[in-house]
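A.B. asks: If you want the building blocks of each chain, they are given just below.
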Amino acid sequence: MTDFAVTRREPSLGWWGMALFVAAEATLFGVLVATYFYLRFKNLEWPPQGIPEPKLGVPLVLLGVLLVTSVPMQLALRAANAHRLGAARLLLGLASIVQAGYFAMQVHEYAGDLGRFAPADHAYASIYYTLLGADHAHVALGLLLDLWLLAKLARGLTRYRLNALSAITFYWHAVNVLTIAVTLTILSPSL
Amino acid sequence: MSLRRLAFLQWFGLLAGGLTWFAAFLAGAGTSVALCNPASGRWGIPYDTVQAALLGLGGAVVLLAEAAAVAVFRATRTVAEQDPPPEGRLHFFAIGAMVGNLVFLVIIVLSAVATIVDRACHQA
Amino acid sequence: MPRAGLVTLTAAALVVAGCGSKQDALSPESGASRGIATLWWKMLVGSALGLGIVALILLAAWIRRNRAGVPGVREGDRVALGVVIGLGIVVPIAVLSGLFVFGNVFLIRKTTMPTAAAAVRDRPELTVRVVGHQFWWEVRYPGTPAVTANEIHIPVRTNVRVLVSTDDVIHSFWVPELNRKIDMIPEQTNQVLLYADRPGRYRGQCAEFCGLQHAHMGLYVFADPPAVFRRWLDGQSKPAPAAGSRLFVDKCGSCHTIRGTPATSRVGPDLTHVGSRTSLAALTIPNTPARLREWLRDPQRVKPGNQMPRVELTDAQIRRLVAYLEARR
Amino acid sequence: MRERVERLERIWVARPGVLGWLTTTDHKRIGLLYFWATLVFFGAGGVEALLLRTQLAQPNGDVLGPDTYDQLFTTHGLTMIFWFIIPMTTGAFGNYLIPLMIGARDMAFPRLNALSFWVFLASGIFLYVGLFLGFGPNAGWFDYVPLASRLYDPARNIEFYSLGLIFNGIASTLTAVNFIVTIFKLRAPGMSFNRIPLFCFAFLAASFGLLFALPALSADLILLFLDRNLGMHFFDPAHGGSTLLWQHLFWFFGHPEVYILIVPAFGIATEIIPALTQRKMIAFPLVAIAELLVVFIGFGVWAHHMFADGLPTTTLVFFAGATAMVVIPSTIQVFAWSSTIFTGLPRFKTPLLFIVGFILFFVIGGLTGVMFVAIPFTQQVTDTYFVVAHFHYIIFGAAVFPIFGGMYYWFPKLTGRMYFERPGQISFWIIFVGTNLLFFPMHIVGLLGMPRRVYTYPGGMGWTAYNAIESVGGFVTLAGILLLFGNLVVSYFRGAPAGPDPWHGPTLEWSVPSPPPEYNFAVVPTVSSAYPNWDEADREADRRRLAEGVGVLDDGHEQVVSTLVDGEAAEVVKMPHSSPWPVLLALCLSGMLAVLVVEKFAVAAFFAVLLALTLLGWHSTEPEAE
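Protein chains in written order, with our numbering: chain A, 1 to 191; chain B, 192 to 315; chain C, 316 to 644; chain D, 645 to 1270.
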């Protein structure tokens, strides 16, 4: 360790790995959003007859709730950096509960939509369910990461776990931004 | 010029031109797709205005980036390619940026002019 | 029958003359194709120059191989850097910008339909509709009842607007001696200009991979003098005599049409005037009684994977069908 | 000094036997695994190509039926692109060499690296299982809908295509992430961005290309899978979908893909040229930026594959404009390479011969590519053999030639033995003549109107003689390739000892013994230029530091991490070393994707749970706790 003077603290290797993974995922979402609008350009009726326009209320409220969780995530990272393990666990746990609530509500909404129209009805329905499904899947993955990290943090803080926390916090920020894009795209016929 | 300022100019010169071209490219091509499709074709897109604006804005940013790259290049004239950072790196990226921005500018101009001149939704 | 005979005779003469069976982008027979071919020759010369310069540099290096020198490491010199900047940046930007403007602003107009105003002043127009199928071409002449397959007749020195679409997968309509190709896309109708300077038969072929028999999806364009074309179109517009063949209706009617008879299905080609065509199965075989018999016996052996199933027919039935079809001229 | 090296050897020692290979995370071993696996796929793709050429050797050939032909030409394209060139360059060359060139001991994520390989291998096996069951992909590598939709392709062929490529894409994405982080962060202190060897710039560019291009392909494949198996309508115009959507997404990936194939080959060329001319590359910064620029602009040209689609002209010109200017990075490099050879002290050994061949092929293929700037010309020749000629000049000439040259060039580094020079040069000439015979006449038949992807053609079209020559050329090429590998195999056993640095090479891999030890560098190397092996003072400093025990990092699997831009030492981290989890995870993933072919979604979910458990196991130990 003494052989190399540490000049500057930069993000860890794990954080970089996560950042690049997120870049690829963001491209995937970009492609799906482009698909949505490409199909929309071609269809005189969007959504087509027989499929209701998306309702604004619940999705926008849920989006707001999800965005707020970025705050406790970032605070958890700050607490962990300051070696306040208890606070970090608490904040992460709090964020996870809200995120889980968001996810449960979204699954409920998704199931409700499936009762009204099916993915096989029209290209509109296909991209609607695929885009939302991809977004929800990323939230679900984030929840699994939260759970794993909480389990790890239960047994103390190491540099490895701190790196994991910074990567997972970044992941959630990114998912939240992607969710804004997805939600606005999905709601665009009603905006 | 201070090192901080040179560093800013270097990154601006290296990244701004390319990102601007790609954004203008996606916006320009996307608008043309919108213009020529059944649903979006009825939205009354002011096509020539959009393309001229993209040409003007995009071209301006790329020119600024080119100017920044030239400024960094001139400020680091005496530095060799493989010299230690930050001066060596500033010089190195400035050379790359000068070429990159030139190419981006040509693409923006060629496609914007051609899309306005060849304004046909059907090639028959 | 004389007019159909005349057409067949013209075609036969062309085959004998040896200029029938090719689809050569470098033997243009229209302004559009000539423009493209001329550009090709110019680009070829330019390319030879470019390759020549690089090859010369490498050849010079080879001549200087193994020469003595400090086996160490030397910095780049200014001349070499000048070569990279000049030949690697400045010249190609200029040349490519020129090519871009010439090809995509000027030449592209030559390969497309003239604007409405120019057309009135200039030349008459005709519209033909071509629909791609696995693996044949349906040809319609809007405004007339004429429907044919795989062999398009157009009047010579006329701007023909070909509207192309597809009934199944993506195909590409391409007659290289007359113009560039155009894809047949399910969601839109595309168009391409056909124009022939001289009467003749021009071969074309499907250019987009469309399945098992993509290789056997050819077509002919016959460019005829306007009067001959007019007579041909009148003939093709007529229905067949009402007393059709019951055998045909029973065995073939579920897929094919012979106008004027109860056979009206549009799955396969319209056979009302099949006897006037020079080839069968999209140029897979010539239209002779012997080859038609072979085809009817087992289409899957002649063109494996095509959409026509093998129909159980006795030899006598095949003979009767062949006689009936060859008479549909 | 001796005991320090022995201590490093004890720390980094590999597990013996097959288990050692299955659990390895050593970038060199993974590189070799990639090398052997991709060679097998290269063989398969080559056999397919020769079968196709045999069928086309004469008109109305009846060696292959249309069904077999379609599966073979599709699989040939897929194999050569996804299972040969990309894994050969990034997987084999990149893995083996990049850590060595930047002075690192391994990749940034060694276990992820192993996972990439096993997933890649599984994807290839999966594709070929499909082919041998008679369900090889059969709609071309571009797989246009609606031909590839359930309606026109009802069997399972396309599932082997879509799932196989999703698999392969996962592996490539992981590799790309790994390379980027490795090149960003694991450079030896002193290697600032302007001192990164051009080889690494090339792989950085290719990795970014993969990272941003593959998601489009993955999305496209997922949508296709949903269309075919869940009745969705993305590509069905009758229900609001669009067939052009498939093409846009496919080529958004597909064109950058071309640059992803050739840019690593550029990197190989820019290594071999300085070594064999004993001269630094002319215009180093221009070449470095050109490698990045070509991939970047490559994202703006995709619709030139769709010029005949009937898209609006006003749209096409955007892509034509980028197509024109994407040439500039390549012209920069061509003149930089050729003038470096000219002004240097060239020794035309086999590797340099392959690079000269590569430059000529690349110029020819590039010039025919330049022609596609003119939209009407493209519309005339697209989907003909002219295009087949063009991209084979690029892919065989500009990607595979440097791969062959690189095999000769780094053979002494990998094996410690020299190859035989004379047979090497003969193999070059045979391959050079063979490939020109094989591909040049394709230009002509294309202009004479021969379309692509036809399983046969009639006589009397003026195509017959050219096709016969092409087929002969195919077998000549085969002979040259057999000689090449024969030479390497014999040299492996009988070649003269090569020593650590037979070429007086410019980069750090030549500063270590051949083959390199498990830990690569006994001491973290000192770097002060992009040609560190030529900086004698630095190498002397390394020897001194090893004697003094400074910078050895022998407290476990240690690795120094540097700052991103200027390559200053930032911290020392512990790297994971040999793990069973990657191969287990790859097995779970393979199981999951394989059962999707038969739409067993419940079984797939079971495998997904297994996969999550494997991930838990993977992360149960922390490197610092070793």
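Among the clues, some could well be false.
Just a sample of chain B residues kept apart from chain A, beta carbon distances all over 12 Å, derived [unchecked claim]:
| id | residue |
| --- | --- |
| 1 | 202 |
| 2 | 217 |
| 3 | 221 |
| 4 | 224 |
| 5 | 226 |
| 6 | 228 |
| 7 | 229 |
| 8 | 231 |
| 9 | 233 |
| 10 | 234 |
| 11 | 255 |
| 12 | 266 |
| 13 | 300 |
| 14 | 304 |
| 15 | 308 |
| 16 | 313 |
Pair by pair, the computed Cβ-Cβ distance ranges are [stated by the list, open to error]:
| id | chain 1 | residue 1 | chain 2 | residue 2 | range |
| --- | --- | --- | --- | --- | --- |
| 17 | C | 632 | D | 1250 | 56 to 62 Å |
| 18 | C | 635 | D | 875 | 41 to 47 Å |
| 19 | C | 504 | D | 875 | 56 to 62 Å |
| 20 | D | 1070 | C | 341 | 35 to 41 Å |
| 21 | D | 1257 | C | 580 | 40 to 46 Å |
| 22 | B | 244 | D | 794 | 57 to 63 Å |
Worth flagging that the hints you see were computed from the coordinates, not collected in a lab. Where a beta carbon is used, it is the ideal one built from N, C-alpha and C, also for glycine.
A.B. asks: Would you mind marking each hint as holding or not holding in the structure?
C.D. replies: Each hint tested on the structure:
no.	hint	in the structure
1	202	16 Å, holds
2	217	9 Å, violated
3	221	8 Å, violated
4	224	6 Å, violated
5	226	9 Å, violated
6	228	4 Å, violated
7	229	6 Å, violated
8	231	4 Å, violated
9	233	8 Å, violated
10	234	9 Å, violated
11	255	26 Å, holds
12	266	24 Å, holds
13	300	25 Å, holds
14	304	24 Å, holds
15	308	23 Å, holds
16	313	15 Å, holds
17	C:632 / D:1250: 56 to 62 Å	58 Å, holds
18	C:635 / D:875: 41 to 47 Å	46 Å, holds
19	C:504 / D:875: 56 to 62 Å	27 Å, violated
20	D:1070 / C:341: 35 to 41 Å	37 Å, holds
21	D:1257 / C:580: 40 to 46 Å	59 Å, violated
22	B:244 / D:794: 57 to 63 Å	44 Å, violated
Comparing the model with each numbered hint stated earlier shows that hints 2, 3, 4, 5, 6, 7, 8, 9, 10, 19, 21, 22 do not hold.
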